[in-house]
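Everything in the sequence shown is counted per UniProt numbering, starting at 1 for the first residue and increasing by one.
There's no promise every hint is true.
Estimated spans, in silico, between C-beta atoms of each pair [to be verified]:
#1 N73 / S141: 22 to 30 Å
#2 Q126 / I95: 16 to 24 Å
#3 N73 / F192: 18 to 26 Å
#4 G96 / R151: 30 to 38 Å
With a cut-off of at most 30 Å between alpha-carbon atoms, the simulated DSS-like pairs for lysine-lysine come out as follows [as the list claims (entries may be wrong)]:
#5 K110 / K137
#6 K110 / K164
#7 K82 / K167
#8 K110 / K63
#9 K137 / K82
#10 K82 / K164
#11 K137 / K63
#12 K174 / K82
#13 K110 / K167
#14 K82 / K171
#15 K164 / K63
#16 K174 / K63
#17 K137 / K174
#18 K171 / K137
#19 K167 / K137
#20 K63 / K171
#21 K171 / K110
#22 K137 / K164
Since the hints were derived computationally from the structure, they do not count as laboratory data.
Computed from a prediction, not measured in an experiment: that's the story for all the values here.
Glycine residues also receive a C-beta, built at the ideal position from the N, C-alpha and C atoms.
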Amino acid sequence: SDGTRRAVWILAALEIVHHGVRENDTEPIVLEGKCLVVCDSNPADWKSSSSPLGISVRAANSKVAFSAVRSNNHEPSEMSNKTRIIYFDQVLVNIGNYFTLESVFLCPRKGIYSFNFHVIKVYQSQTIQVNLMLNGKPVISAFAGDKDVTREAATNGVLLHLNKEDKVYLKLEKGNLVGGWQYSTFSGFLVFPL
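Taking the hints into account, I'd like the entire structure generated from these sequences.
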């Protein structure tokens with residue numbers, strides 16, 4: 001019909017115009033007049049897909065973020081003493097619910113993720129080493145060891161390429177957190193899915 005031919009012609013014209021000005025997938029496209037929206041009836045669950053115009057489309061459930069804090073100065077729990085995983089008792093943000101009660105981030109999908117941590121040692125002369133662990137292996141470390149201060153922090157951050165079901169957590173590799181680690185933080189978020 002004439003309506004179908006007109007819609008195909010409009011989509012083809014927009015495709016030509018769109019490819020002529022597109023620098024990357026994040027550049028907005030401004031269209032004037034009436035538009036026809038074409039939806040995929042069989043979308044991939046979370047993966048990126050492209051419309052007939054070549055526009056990158058991402059599902060709304062691609063949002064993943066967490067931020068946790070140690071809210072008090074209690075001594076390390078039995079769990080922390082055995083595994084040396086640094087435990088955070090207050091979760092401030094947990095979009096997607098991928099940060100567990102055991103203070104482990106369980107990756108829901110392949111992508112690039114950002115992580116940062118700030119672990120405070122209090123009133124001790126012993127140096128601490130904190131590792132950010134990926135599936136049981138250290139990726140980055142941070143140290144705090146000044147003997148002349150009452151509080152000092154081991155701080156670091158990194159971007160990681162993760163796969164679904166990867167586990168990320170903080171481990172106290174050396175030293176101890178006797179005296180507590182109140183105000184320590186651990187945060188992460190999905191930068192973009194792959």
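Original post:
Which earlier hints turn out false for this structure, listed by number in ascending order?
Top reply: Violated hints: 2, 3 and 16; rest satisfied.
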